[in-house]
Amino acid sequence: MTLQNPEQLLPNGFDYIEQVMSHSKAMSLYTYLTEILNWQQPEVNIFGKHHKIPRLQCFIADKQVNYSYSNHPLVVESWPEPLKAMRRRLQVHYGYSFNALLVNWYRNGHDSMGWHSDDEKELGCQPFIVSISLGASRKFTIRNSHSKQTQNLMLDNGSCLLMHGQSQSHYQHALPKQMKVNSGRINLTFRTVGQ
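Quick note, the sequence shown lines up with residues 1 to 195 if you use my numbering.
Watch out, some of these pointers could steer you wrong.
As the list claims (entries may be wrong) - Taking CB as the label site, the calculated pair distances span:
(1) K177 x Q149: 19 to 25 Å
(2) P54 x P80: 36 to 42 Å
(3) H146 x S78: 38 to 44 Å
If you're looking for bench data, these hints aren't it; they were derived computationally from the structure. Note that beta-carbon positions come from the ideal geometry of N, C-alpha and C, so glycine has one too.
All chains should be built: construct the whole structure from the sequences, respecting the hints.
Take a look at the structure:
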């Protein structure tokens, strides 16, 4: 089902904020990031075959941070000033110290992210993750790890999804393909690694 009133229907550990940036500011930041970040498309090994991930990514972090997922270490880039300023505002607002930012660029509806939880040991047992969407609206799907029941949420330009508490231990999430989406979306996920 697609959520009509996500504030009331989302599972515990997920909070959706419809607009944290204006449409124009979010689109300007989207365009800026497509041009200045060092985008990568690493390969993953699935059943003995190497495949490029179906999106572009950039991992931004403080110098001492090392992070990997699916046994793949990420190349660390330095903080561009607009994202450093955004991090400062989020830290003051939420009272968390974010030392890393994973940026995913879904260039169109063919790019996607499969089912996963952000449950790597470097993130701790109950990570607090701030996820900000820029660009095209995309469907985000949440699945209960035990019942397998799913819920869909549209993540709009300039919106924010908070994931905290047991969101990673009790649920998985994905960004499925949407073939009719012709424009791109950038997802900023601020997190704390190794603390």
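Going down the list of hints, with the structure as the test:
1. K177 x Q149: 19 to 25 Å: Check passed, 21 Å falls within 19 to 25 Å.
2. P54 x P80: 36 to 42 Å: Given range 36 to 42 Å: violated, Cβ gap about 25 Å.
3. H146 x S78: 38 to 44 Å: 40 Å, holds
Of the numbered hints listed earlier, the single one contradicted by the structure is hint 2.
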